[in-house]
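Note that the protein sequences, when read in sequence, are chains A and B.
Going letter by letter, the first sequence gives residues 941 to 1396 in the numbering used here.
Going letter by letter, the second sequence gives residues 941 to 1396 in the numbering used here.
Think of the hints as simulated: they come from the structure by calculation, not from any bench.
Take the hints with a grain of salt, since some may be wrong.
Which copy is meant is left open, so a pair is good if it fits within one copy or across any two.
Keeping only pairs whose Cα atoms sit at most 35 Å apart, straight-line, the calculated DSBU-like set for lysine-lysine is [stated by the list, open to error]:
| id | residue 1 | residue 2 |
| --- | --- | --- |
| 1 | K973 | K1362 |
| 2 | K1086 | K1148 |
| 3 | K965 | K1362 |
| 4 | K997 | K1148 |
| 5 | K1046 | K946 |
This is what each chain is made of:
Number of protein chains: 2
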Amino acid sequence: MSSQEKLVVIGGSAAGMSAASRARKLRSDMEIKVFERSPHISYAACGMPYLISGRVKTPQDLVAYEPEFFEQQRDIEIFLNHEVRTIDIARRTVGVQHVKTGAETKYHYGKLLVTSGAGAVVPPLKGIDLDGVFILRSLEDGIRIKDFIDTMRPASGLIIGAGSVGLEMAEAFTERGIKTTLVERLPGILGSMDADIGNVAIEELRDKGVSVMTSRSVVELVGNGSFVARVSLDQEAPVEAGIVVVSVGIRPNVSVATEAGIELGGTGAIKVNERMETSVPGVYAAGDCAEAYHLVLGRNAYMPLGTTANKQGRVAGENIAGGDACFSGIVGTSVLKLFDLEVGRTGVSEQEARQERMDYIANVTEHRSRASYCPGRARIMTKLVADRATGRVLGAQMVGREGVSLRIGIFATAMMAGMTLKDVASLDLGYSPPLAPVYDPVLIAASDLMKLMKSG
Amino acid sequence: MSSQEKLVVIGGSAAGMSAASRARKLRSDMEIKVFERSPHISYAACGMPYLISGRVKTPQDLVAYEPEFFEQQRDIEIFLNHEVRTIDIARRTVGVQHVKTGAETKYHYGKLLVTSGAGAVVPPLKGIDLDGVFILRSLEDGIRIKDFIDTMRPASGLIIGAGSVGLEMAEAFTERGIKTTLVERLPGILGSMDADIGNVAIEELRDKGVSVMTSRSVVELVGNGSFVARVSLDQEAPVEAGIVVVSVGIRPNVSVATEAGIELGGTGAIKVNERMETSVPGVYAAGDCAEAYHLVLGRNAYMPLGTTANKQGRVAGENIAGGDACFSGIVGTSVLKLFDLEVGRTGVSEQEARQERMDYIANVTEHRSRASYCPGRARIMTKLVADRATGRVLGAQMVGREGVSLRIGIFATAMMAGMTLKDVASLDLGYSPPLAPVYDPVLIAASDLMKLMKSG
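Sequences and hints are given; from them, build the entire structure.
So this is what it looks like as structure tokens:
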């Protein structure tokens, strides 16, 4: 065998392709193989609701790069429809199965990167296998849902789970003219977002015709022939639904890694250090299968997102190529467009601060996105959470018709810098009447919460 | 005389009224008098271009609070049309003249706050006193310009000076159907903004029908009777102009302070420490008449803006009331809407970095405001300047059709925290296809400039 260093990457999505590209950039001599079990690599998973709604025209629009690009431009070998089934740490090999032919091959690696992603949680509901019941995880899922709607033209639809994907799907269904019901087991939406902010999003959904049921569970999916037709709920009358999307969460794909003896963290995802190395020397992990250090919680967390996957992949790739990069960690930022609203959060919510037994203060402020006399201004509601003793900002949640997503970015930046309320209240932010009020909602929220800190 | 502590505030605009309100909040026992030489207090000066364009309907819309509000709700005495002419530091008195009657009165103070603002620079041009030639500084100026346009309906207009006010006035004139010429003595617009970004704004102005002439000077304003009719320029044919606005800059109103022996800083504005105290104990200054500590330059600068005035006023008020507040400083953030564009900057431009003999690196990147496959996305051009050795961010300039102003806020936050390019490239910013791309323009700009740092 040649002495050329070999990198094997398990998974060809954001983390895997970022890492492979970074490694190639730094090391022209490395052999790089990427095994992807689906027929696609490098696609924009977060764009699928917009494919389904029709705003994005074709699945091809979501594909960032074709395999040929990586093969020809970056000298990275791409194996589509190839699933890595086993890792042999001692022998430094992976066992790879061709998804279609079933043929198995072993490949040697010098360095291994696990970006096996995450899979949708599928609750064991009666009727879950009916036609017209979908999860939304891979590009094929997105294409299947779109085709089903195009062909079957369901008049009604139901979404189980009011996380980001559930909310985006509620919008997509509504835009397709489907009468939509959204069912969430918890009292609130968007996971642990506080009700102050979440309720504004619920109102928006209802305004746009979505029937939102929180603190409700699905009991059974009922078919008409092989197709789903109705959903039974606890404490509610059954709901008609010609299509159902299950989006109750995702869990990391870790079985192959676990069987090989790679350690998991407390969250159930693969444990990594800041260099994205696993417990096994020479084996790295990144993206939706891995944990990420959460700067506010001060420990590893599992918050799989596309942005984190890209950044972690890049760090892993750099280190695999012999560099010394560190992943700075996350603060739990996530933003969402919901009909005419922007909704966003970063850091911890009040609920989470309470669960974490943090000594916190929190408030809700409302302010304008532009000067009071400027047409087009919107109300922005901000919930801010800070450490009672030091005033360090722990989390921000915002909702409004404009100017939310990037203001969440300002809070995220402030938290990554460890800023206090006083620091945030003093930020030199831009002011121009048609763009922002003289006291920006960010400053108002911080300045108001400071008072609470002082009053004890 | 009573032993009650007396605060005298010179000037009733953003800084003065913020200070008076803050002092009152902390000290119910203090006597507070505000002397304002104009007939208005507490109005939104930055909104005047929108009054003139017609987007804001009446001058009243720009008045944040009426004098009665301060008198009745906050127990602050407001003296409109009262100009402070002298300060006697030794006797702790101010000499105040009623602007209309000429009557002079002396008032004692225990603490004094100077917020005398700034005045427009008026170049000694021939014809500057013609009817139809205006500066835009006070609310009365704004009302006069609006009335002139309403009454005289000028077909053509010319603006001298391409700073923020000049650009906003070019838009306002154009919206009023006035054929507009913008003349700037310097090669670029918006002061020391670099040409990479400034030229995009110039293109936008030209697209919207504004004739932009840079590196050109006005020689003379020529009248037809008492009214301005034409403007002579060097190296250009004369331009018809039934209205002219001069916006070539402002300078701090410091004569009364200087005569009293209050020290000025190197910029010519009143020197203050971080508590907003002047060189004279018990005398404070804030707002457009005062300097502000610039965190990137590492020294006091003169960048008069409404946001800074509000914050400085608040700090001064707190300290006057016996508190111990510090002004955190500025990073030189300013943003602007220009027709369909947002333009913004924070920190230093490349020109300024060169003037300051900083060892810098700089680059220009272009990226999208939303995911590539999302309708409504806009190109954002970013110019970033950083310290070559450490990678500390020194400045950012951006232009694009959306998402500029708040991204400048993210850079400003990063600079106030002393972040490096690596810190910025790792920021956990929000991502959602219709709101932001997976690699935000902020991250792309930082990450790209890092390469330049490494390559030396």
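Status of the hints after comparison with the structure:
Taking the shortest Cα distances, K973 and K1362 sit within 35 Å of each other only across copies (29 Å), while inside one copy they are farther apart (50 Å). For a Cα distance limit of 35 Å, the shortest separation of K1086 from K1148 inside one copy, 21 Å, qualifies, whereas the shortest one across copies, 42 Å, does not. Taking the shortest Cα distances, K965 and K1362 sit within 35 Å of each other only across copies (18 Å), while inside one copy they are farther apart (43 Å). For the identical chains of this complex, K997 and K1148 are neighbours both inside a copy (23 Å) and across copies (32 Å), given an alpha-carbon limit of 35 Å.
In the homo-oligomer, the alpha carbons of K1046 and K946 lie at most 35 Å apart inside one protomer (13 Å), although the nearest pairing across protomers, at 86 Å, exceeds that limit.
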